[in-house]
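**Student:** For the record, the sequence lines run as chains E and P.
No gaps in the numbering here: position 246 of the first sequence is 1167 in our numbering, and each next residue is one more.
No gaps in the numbering here: position 201 of the second sequence is 1122 in our numbering, and each next residue is one more.
Take these hints with a grain of salt, some might be off.
Dumping the calculated BS3-like pairs for lysine-lysine here, alpha-carbon to alpha-carbon at most 30 Å [as the list claims (entries may be wrong)]:
| id | chain 1 | residue 1 | chain 2 | residue 2 |
| --- | --- | --- | --- | --- |
| 1 | P | 1166 | P | 1128 |
| 2 | E | 979 | E | 1166 |
| 3 | E | 1128 | E | 1166 |
| 4 | P | 1169 | P | 1128 |
| 5 | E | 1250 | E | 1285 |
| 6 | P | 1191 | P | 1169 |
| 7 | E | 1285 | P | 1191 |
| 8 | E | 979 | P | 1191 |
| 9 | P | 1285 | E | 1191 |
Since the hints were made in silico from the structure, they are not lab data.
There are 2 protein chains.
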Amino acid sequence: MNAHIITIGDELLIGQVINTNQAHIGERLGAIGIDAVEMTTVGDDIDAVLRTFERAWKTSDVVVVTGGLGPTHDDITREGICRFFQTDLVSDPDVRRHVAALMARRNLPWTEAAENQAMVPRVAVVIPNPVGTAPGLRISREGRHFFVLPGVPYEMTGMFNGSVVPFLSPLVQGAVIRHRTLRTTGIPESFLAQHLGDIDTLLEGAKLAFLPSAAGVRMRITVHADSPADADRAVNEIEARIRSKVSKYIFGVEDEELEDVVGRMLSVRKLTIAVAESCTGGLIAHRITNVSGASAYFERGVVAYSNASKTELLGVPPDLIAAHGAVSKEVVEAMALGVRQMARADIGLATTGIAGPTGGSAEKPVGLVWIGFADASGSLALRFTYGEGRTRIKERAAQSALDLVRRRLMEIL
Amino acid sequence: MNAHIITIGDELLIGQVINTNQAHIGERLGAIGIDAVEMTTVGDDIDAVLRTFERAWKTSDVVVVTGGLGPTHDDITREGICRFFQTDLVSDPDVRRHVAALMARRNLPWTEAAENQAMVPRVAVVIPNPVGTAPGLRISREGRHFFVLPGVPYEMTGMFNGSVVPFLSPLVQGAVIRHRTLRTTGIPESFLAQHLGDIDTLLEGAKLAFLPSAAGVRMRITVHADSPADADRAVNEIEARIRSKVSKYIFGVEDEELEDVVGRMLSVRKLTIAVAESCTGGLIAHRITNVSGASAYFERGVVAYSNASKTELLGVPPDLIAAHGAVSKEVVEAMALGVRQMARADIGLATTGIAGPTGGSAEKPVGLVWIGFADASGSLALRFTYGEGRTRIKERAAQSALDLVRRRLMEIL
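With the hints as constraints, model all of the structure from the sequences given.
**Tutor:** Here it is as structure tokens:
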């Protein structure tokens, strides 16, 4: 089964509202084995709405429409439904009672607009809206289904998950879809592809998408199968094959972040960490403390922006800074060793670099970052060169630093 | 002129990625007077891509396509362009040089994928991508324009605003739309509306949207006029009327963040700041250091997560923590005074609170945050209670802390 998702509203076309509805619907349909093959957004314009209804209904088993169902003049979806399915509006007593009850609870008087909300297309089955006044609609013809839901995300998601998914789910036979996302960092998309080798042999008909960002490349596996068991088996096999080739770059699955993974590793090993940041400016500490329970392993962080603070808070000798510059292997190792010692932590992690846009030189350009690591066995430092862009450099450096901890703890660096 | 926005990528159809590109493009086109009339999303499927190109190019003056431009097998947009415009790929020497320079700077060897990135459709004009390897494309025919940009939002927005908008803007005549966004914090939407009073008198036919988020409420003014001068005049008048009613809650306009505003205020006044964070975990330092030139006024930050670090790094007496608890007015003021003194800064800013989800009590629930401020005249502390949600509490506390600095510097607190 395939689906076309239609979202209606001028506010989407002018970019005032970001379209989260279509992503939500696409995700939930995928989870029950229905492929969204197209998403279309049009404004509050009856001709555009009718044209889109016609195109979608011609090619898709399932059409989901959101928006334009309210009581005001710009809400034209019901008119579109009536014209498209050649039907008229009738008052629905259940909807009318529900609207009246909602309005009474909010101490609002009965109005024409309220009366209007109870009018539904004659051929439609009502989908109840527990939290709002605009009812949803379903029109089914020859095994195909046309749904209409309000555009308010809070109302839409409740109705979609509560009524549409339970209706569609039993109708989907055979085709099961499974996705799995493997998160990598420290390797560009093209190198990842190269390491994977012949992609067709690897995938055996499944799909693999590469989704790059500053945090690294996500690899998303998509498998179609006849049963949930087959789908799980296939996705597991492909994951294992990918891991056998690029294991050390994969830090997590699905929405896992590096700070979650590193936090778990520190907890299990009963280790503590302290962080000394210059160019990342607090971002590493912020990410580590985003994880609930971080206080068990995160002792302290220092954002040592000035040279004086590097000396006072971390014990970096002024001579060392004078000799090598604040952005150097020597200083970043001294920072990592210093914060580890001051905090009496098991691990010290440090960054220093040039986030720009000013302050770069030929020898030390914008984007140059040193990352230092210290533990009981001593210290080491890695040199990175990122592109331009202050926030992007901070993001990439923080990601590299957390990944350095991950790799040291796994003994793959 | 009207436009059709096409976004390509399986990740959008399965809802893994929320489509922010189309909203951004729709908004920016609207700002120069081009109406987006339709947005279509299709997957990495050549037939769907070609079908959509054809439909869009038949009915729109401007087509903007994003996504599917990378070097891997699932990136099929260039193939679509070649087939649709019946052309072939040629290596572009400028793009090739740019890709080579980017890869050299990142210490990456030259690969086939890199070579491939330099291949562009013969009929296209290249739109430079300053920060990535995938070039953008423009194909113009009889006063109509077809643009192709990469899907990575960071790359896309830079290229769209830097190249596409300046190209299209002079071609648009007549109806002018102006938006202005006023950013507020520290006041809920309903109170803001109350302070504004009779909205119709205020707006005189313009539109005002309230867009709430954890950082505060954005108020967006939309004005339609016949000329740019009329539009500017109208939007300025409405802004002035709004400011006359809720001035102290407005910290900035458009995309300005509080850290930009506070940074500018500190620079102008030649003041320095140091930050001591407990519950915000480095987020305030991270935000302050996101601003280019922050090293001029940001001396250091301390993420004092453990009680020992509060004492060692900030000089907070252990007795004080024992008597009042780490989350208290007394401790947050001692932290602000301590970091100010240790850093020899003009201003000390501190946070302590319970970010949860565990660690709350009846007396000190999750969401309780104390924010402390110290300057030459002494110290003060404000108590906040936010809702649940660890990252949301961190975000709201960081926002309140930066706003506290803004208000003190403006002497409106």
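**Student:** Against each hint, give a clear statement of whether it holds in the structure.
**Tutor:** Against the structure, the hints come out as follows:
{"no.": "1", "hint": "P/1166 / P/1128", "in the structure": "holds (17 Å)"}
{"no.": "2", "hint": "E/979 / E/1166", "in the structure": "violated (44 Å)"}
{"no.": "3", "hint": "E/1128 / E/1166", "in the structure": "holds (17 Å)"}
{"no.": "4", "hint": "P/1169 / P/1128", "in the structure": "holds (22 Å)"}
{"no.": "5", "hint": "E/1250 / E/1285", "in the structure": "holds (12 Å)"}
{"no.": "6", "hint": "P/1191 / P/1169", "in the structure": "holds (23 Å)"}
{"no.": "7", "hint": "E/1285 / P/1191", "in the structure": "holds (28 Å)"}
{"no.": "8", "hint": "E/979 / P/1191", "in the structure": "violated (66 Å)"}
{"no.": "9", "hint": "P/1285 / E/1191", "in the structure": "holds (28 Å)"}
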